[in-house]
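Peer 1: For reference, the chains in residue letters:
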Amino acid sequence: MLKRILTRARAVWRKEQIHAEIAEEREFHMAMRAADLMRSGMAASAANQAARRGFGSGVRMQEQGFDVRGGGLMEDITGDIRLALRILRKTPVKTAALAATVALGIGINTAVFSVMKAVVLDPLPFAKSKDLMVIHQVSKGESEGVSYPNFEDWRAANRSLEAMAVYATDSSTLTEDGQARRVSGAVVSADLFRLLRVTPLRGRLFNPSEDEPGSGRQVIISDTLWRTQLHEREDVLGHSLLLDGMGYRVIGVIPSALAFPVHSDAVNYWITVAGDAEPSPWGGSIRKSRGYPRYEAVLTRLKPGVTLAQAKAEMSVIAGNVAREHPGADLAEGVRLSAAIEDVVGRIRPLIWTLYAAVFCVLAVACANAATLLLVGAVARSREFALRAALGARPSRLVRQLLVESLVLAFTGGACGALLAWTLVAVFAKIAPPDTPRLSTVHADGIMLLYAVALSVMTGLVFGVVPATAALRRDLVGTLKEGARNLHFSVRRPSTMLIAGQIALSTVLGCSALVLTGSFWRILHTPRGFDPHNVLTAAVSLPPASYPQGSDKVTRFYTDLLEQMRRVPGVETVSVAQTLPLSGQNNSTRVEVIGSEQPQKASADLRFVDPDYFRTLRIPLLDGRYPEAADRSDQPEIVVVNRAFAARFLQARRPVGSRLHLGWGGDGPKLVAGVVGDVLHNALDAHATPEVYVPLAQFPIDDMTLVVRTSGDLAGVARTLRAEVRRLDARVPVENVRTLDDYLLLSVAPQRFLMWVLVAFAASTLLLAAIGLYGALSYSTVCRRHEFGVRLALGSNMWGVMRLVLQQGLGMAAVGLTAGLLLMAAAARFLSGWLYQTSPLDAPSLACASAILMAVAAAACLAPARRAARVSPVALLRGE
Amino acid sequence: MSKKKPDLPQGTLDLLVLKTLSLGPMHGYGIGQRIQQLAEGMLLVEEGTLYPALYRIEQRGWIEAEWGVSENGRRARFYKLTRGGRKQLQEEKQHWEHLSLAVAKILGAV
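Protein chains in written order, with the working numbering: chain A, 756 to 1635; chain B, 86 to 195.
I should point out that these hints are in silico values taken from the structure, not numbers from a laboratory. By construction, the Cβ of each residue, glycine as well, lies at the ideal position given by its N, Cα and C atoms. There are no misleading hints in this set.
Here's a subset of chain B near chain A, in silico, CB distances under 8 Å, partners left out:
#1 Gly113
#2 Tyr114
#3 Glu132
#4 Gly133
#5 Arg159
#6 Ala161
#7 Arg162
Model the full structure from these sequences, guided by the hints.
Peer 2: Take a look at the structure:
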């Protein structure tokens, strides 16, 4: 078999040589024959002639010889390709349109595939990453963080897991060469890198003893940090890295590709949990506090031969024991053990798969579109095919040629599509929700190319088969006799189905896009309790080395900064807060109302704010008063609570004047001075939670975010802000400068992303479907010209003819629309996860999408209908 | 042609070519001549059928070709039997003997 293919391939490359050899062999034969004849007494010229006669037609023998010696099929196919190119070149506009359609379908599909592969499908980059597991505590059905004492108990009791390590993301101000920069890192326990099987590029990993307090401060850094911040210095090991003003000794460098946890933010340094155990004004209790889920999760690895189910069973027994031994610990709901990859991609997977489904709709529409146009083209050439069939061409030969044509087209489109995908990958990476993990690993590679090629073959066959079978079915004699006139009947059914299919898929995408848009509008206009417009925010974190935690120096810095900013023209109000609504950050604390029966586990979200916070965010006062500048550290401690807090904890009494103890935020009893409105802090589609606000002056925090309400230009205010901070203290970094509106949009980034992508997809497929409808209808009108002429001659008016065409076109559209709505009903449940207070079959959205669709379809039908009505019966009948 | 010479039954030419080549490598003209000689002039192999047959047999791998120098010093394409060809010759020979025996028996019956 292989040898035969080789012979055939050789025949294509060495065509000249083979032909020359055959000719030479013939010449030799004739010379020998002539010599023999002459020997038997024939004259030279007569002998030559006789020798030549013996061969008959030289050409025929030549071709036969070449065929037998491997030329045949290959030459046919190269001939087919040449013919296909010639035919495609003859109609450049149509060919370009077809190739562009295919390129669009393949390009988008390939781009999304690349994103999906890198983000969702690829395994984690660690050795035997399938065995890596992550354990969370569970609270109210949601995965939560893990407290240190729980972690220690699990680690001691477990037998089926290799080791365990806690981790939590961290960020610090890195001061290097006198410049301050915020860098992301992680607080981890020593076994983490050994569990991951990471080998350091330089130096070593953490030792277990370095988890213990007093073991000195060590840091492991990524090679990215080493290259960008430390200028690849050779003496990096032992170098003292200044993080938040404290020196950490660099003990190792590891590859950035093996950073853990895997987040959208690259993790660039790792310090051990020892730091969490060091005493601080309010810290130091992390080691003992079972109720404080300080760490994001526990990383672990299945021992060889242990199944996931066994490990799960053991962990739930252990967690149950811990919960029994420590009633009140947050373990009543147990723990959740899952594959580490799930922890990374579980949340983003539905979004990516929804996207992938959508791009297949686009590809299918593109295919159907190309098939429609090719079908029309094949019908126009049916005379050519009928003639060739009549001259003895086998049907398989004709089908092969049509398939080669569509494959040539598909590969042209596929090549452009691959280029398109290359650009689109970058676009997707830019517009994807910012918390998408592993986006930086998305890139164009061989697999992407292979995928594009496979897709090209598939699409080429799919959209080539329809016209090819249509060409096969045709009745020869009829075609030759009648010409193109009654041909449209033979293609009417397949083309109707193709058009209806395109419209159906466009309907699904269009409806989804509109339902999402409606939901998005609702989510943006839901009352959220604060006014995010025209508010600039910036994180201003004070290095603890020069601003001791909890000291008045911290308060003074922020007070001075606020004072300066208030004077800036265009600034209305200005304040600082520790966590902003919708920023993804949160704090919570234990709550005890003095003089009341407490529910067992009372906790509320905790905010540290400057008094002007409420005016800046326009959070309404419902009762009592806002905090004031007079609530300083030497005054009685006060708090302000929100409505949800008052409803939950202060129901039986008048809220203002009640007294509380908080687990964090100052030890003394606190007087409730006021009640403010609820704010949707966690998410726009969540409920308000109980919140308690503590004035910053009474509990100074050094990691605050400035919020500025301006009436002026935000960029100008941002510049002034940076200048002011630099003037106050050049070592203080200003980070994360963005508006509150940005946070609002970021919090709905997945919905927003999906909405825009679907709107874009729906618009393109609708356009394609309209083009397809227009093309098919135009062609059918040309075929029915005779019929229209007769009708007009028999007294039908122009409207009658137009109605016929519109009926045909809108009929196809209506079939497609109905099918699309049914499909939509089936696909609804995939959409519901992205919707806020909106049914996936939201009637106004569906009605609106249907109306748009029919309007576009009608517009596509209009031109062919008018052309049909302008047929001149006289000219037509004379032409017959 | 002065005297009517019988046509070869389909496929027989292949057998004759293989048989001829089993005596040694030979060019196309020589094969034709040799067949005619062995048949004592009772068969005529036309060039138009000989060469396609040679190419076909070569394609099947029963013979292979090589350029060499002929007895009169010209470049010629020499064909020789492969091992597969030798086997094929045995098979076809047996097959032919069977067939001719059967045909002869039928024709010999009175």
